[in-house]
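> Chains L and S, in that order, are what the protein sequence lines are.
All the letters of the first sequence, read from the start, carry residue numbers 0 to 271 under numbering that gives the first Met the number 0.
All the letters of the second sequence, read from the start, carry residue numbers 0 to 262 under numbering that gives the first Met the number 0.
Keep in mind that the hints were calculated from the coordinates and are not lab data.
As the structure is a computational prediction, the values presented were derived from the model and not from experiment.
It is possible that part of the hints are untrue.
[Unchecked claim] Below, in silico cross-link-like pairs of lysine-lysine (DSS-like), each with a Cα-Cα straight-line distance of 30 Å or less:
#: 1; chain 1: L; residue 1: Lys80; chain 2: L; residue 2: Lys202
#: 2; chain 1: L; residue 1: Lys146; chain 2: L; residue 2: Lys80
#: 3; chain 1: L; residue 1: Lys80; chain 2: L; residue 2: Lys68
#: 4; chain 1: L; residue 1: Lys68; chain 2: S; residue 2: Lys165
#: 5; chain 1: L; residue 1: Lys146; chain 2: S; residue 2: Lys165
#: 6; chain 1: L; residue 1: Lys68; chain 2: L; residue 2: Lys263
#: 7; chain 1: S; residue 1: Lys165; chain 2: L; residue 2: Lys131
#: 8; chain 1: L; residue 1: Lys146; chain 2: L; residue 2: Lys131
#: 9; chain 1: L; residue 1: Lys131; chain 2: L; residue 2: Lys80
[Stated by the list, open to error] Examples of chain L residues lying across from chain S (beta carbon under 8 Å, computed):
#: 10; residue: Tyr28
#: 11; residue: Ala91
#: 12; residue: Pro106
#: 13; residue: Trp107
#: 14; residue: Arg117
#: 15; residue: Lys146
#: 16; residue: Met156
#: 17; residue: Arg231
#: 18; residue: Glu235
[Claimed, not checked] Reference listing, derived: stretches of chain S covered by chain L, where coverage requires no fewer than 3 residues with Cβ under 8 Å from a Cβ of chain L:
#: 19; segment: 59-71
#: 20; segment: 151-162
C-beta: ideal position from N, C-alpha, C; glycine also.
Each chain is listed here by its residues.
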Amino acid sequence: MSLGPTNSYTPQAPNEQPYIAFEGISKTYAGGSNTAAIPILQNIDLAIGRGEFVSLIGPSGCGKSTMLKLVAGLTPAGAGKLSIDGMTPANAREIVSFIFQDATLLPWRTVAENVGLRLELERTARFRREEKVASLLELVGLAAAAKSYPRELSGGMKMRVSIARALSTRPRVLLMDEPFAALDEISRDRLNEELLRLQNEQKWTAIFVTHSVSEAVFLSSRVLVMAPHPGRIAYEIPIDLPYPRTAETRMQPAYEDLVAQVSKTLRGVHSL
Amino acid sequence: MKSRMLTALNASGVLVGLLLLWQALIWVLHIPTFMLPSPIAVGQTVVSRFPSLVGSFLITAAAAAGGLLASIAVGVVVALIFAQSHWLRRMFLPYTILLQTVPIVAVAPLIIMWVGAGLFAVTLITFIICLAPIIANTTQGLISVDENMVNLFIMQNASAAQILWKLRLPHALPAIFTGVRIASGISVIGAITGELFAGSSSVGQGGLGYSITYALAQLQTDYLFALVFAATILGFLFFFIVMFLEYYFLHNWHESARKTETQ
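Please model the entire structure based on the sequences and the hints provided.
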């Protein structure tokens, strides 16, 4: 089966110091007493530049989410070195935000209180916090819902709250684990466009895990296709569509070609 | 609103019907008062012995409330300890079931022997039978927090105290209320059962349970019925207080405390 013009993944020596660098990262989960340890990630080398938007796509069990957890410092690497702007993941937490698949809003708090949670944990003064929360809600178009409770919101609105909360601490790195997987297509497209608008304004670096090929192509400057058993980066597909990308971008033949190319590559990985 | 009034009307209609049936049975079958007093006789007793009825009511209410509140305080603390470790739960959680299954009527004499009969013994008995549901439900609530919610707090370098107060405890609140609701029902039963054994009138007035044994011994069946009604009202009162608190704290966000919408 031909995979077209896709490059098989070989890590390039970056011409500048990478912002996020995986060097020989491996991760195994200890099995039970009778089973062997299960390799989750094997020898990952990856350099992500400042302000890049990288998507990870691949079959279940290829370690996509584990990659994010490693950067977030939520799980330690078994071997190798991982640095974020020269810092270890544990030290880089202040500049990293994580957006989970579930909006993970606290149901007993209003929208505004949820957005302000991280600032509250940082012990930001109340008046500063309220000011910031108001502008964040404005940013994600939820100013009118400030006093609502999460149960009163649609899935898309919940995710907007989650995004606003993630941006509240002015992160430099945004990790997203299938944030829009549970949304309908229209909401997903709209949130994708907004996400790019926010990135254009705030210039954070993004690692985005998804199962949706079109979403990965639309958002990313680079799509990494991962393969399982053990988890590794199999292919790298640069997405050279110009930014800013809008709803129009999805109509372009170049976009459709890239979606087809990523799909084909992904099918190849699935049949490995 | 209209349907709720209709429900109230229907329910009170049933009550009136039952009272009429009761009165009719006594007239028709000529049942002696000491076997089954008429509703009218019970009503008259309630009025004539109202002060002592209220006194007993308050004593039992104090024992039930004291035992319940103590079990909430101790139960939540124990659950917080259990929530820390899987091993602690494995080792000790089975014993809370023991706490629930031990027949309180068998333990009551022991407690009287240790602390002496009276309000304290009754409160202690109530505390013991209320403890298990509080511990079990609170522990479950504390450990069922979504892992990513904890991750969210960890990534913000939240302290253990912040995770407890801002995440685990509020998350556990619906489960705690479930435990308290169960415990509140058995607290009244526990207090009255306790008084059957350990009640004392050393201060000149016993609780409902003690008065029930006294009324029975004296064959004051009408007063016995009045006491039973008082006990029922006490149980209702506890139930409604807990329901109200649950609604007050949870109605904004938790499904269990929301009114179901009827089409």
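> Next step is simple, just say for each hint if it's right about the structure.
Here is how each hint holds up against the structure:
no.: 1; hint: L:Lys80 x L:Lys202; verdict: holds (25 Å)
no.: 2; hint: L:Lys146 x L:Lys80; verdict: violated (44 Å)
no.: 3; hint: L:Lys80 x L:Lys68; verdict: holds (14 Å)
no.: 4; hint: L:Lys68 x S:Lys165; verdict: holds (23 Å)
no.: 5; hint: L:Lys146 x S:Lys165; verdict: holds (18 Å)
no.: 6; hint: L:Lys68 x L:Lys263; verdict: holds (28 Å)
no.: 7; hint: S:Lys165 x L:Lys131; verdict: holds (20 Å)
no.: 8; hint: L:Lys146 x L:Lys131; verdict: holds (15 Å)
no.: 9; hint: L:Lys131 x L:Lys80; verdict: violated (35 Å)
no.: 10; hint: Tyr28; verdict: violated (15 Å)
no.: 11; hint: Ala91; verdict: violated (10 Å)
no.: 12; hint: Pro106; verdict: holds (5 Å)
no.: 13; hint: Trp107; verdict: holds (5 Å)
no.: 14; hint: Arg117; verdict: holds (5 Å)
no.: 15; hint: Lys146; verdict: violated (10 Å)
no.: 16; hint: Met156; verdict: violated (16 Å)
no.: 17; hint: Arg231; verdict: violated (25 Å)
no.: 18; hint: Glu235; verdict: violated (28 Å)
no.: 19; hint: 59-71; verdict: violated (count 0)
no.: 20; hint: 151-162; verdict: holds (count 8)
Hints 2, 9, 10, 11, 15, 16, 17, 18 and 19, counting from the list given before, are not met by this structure.
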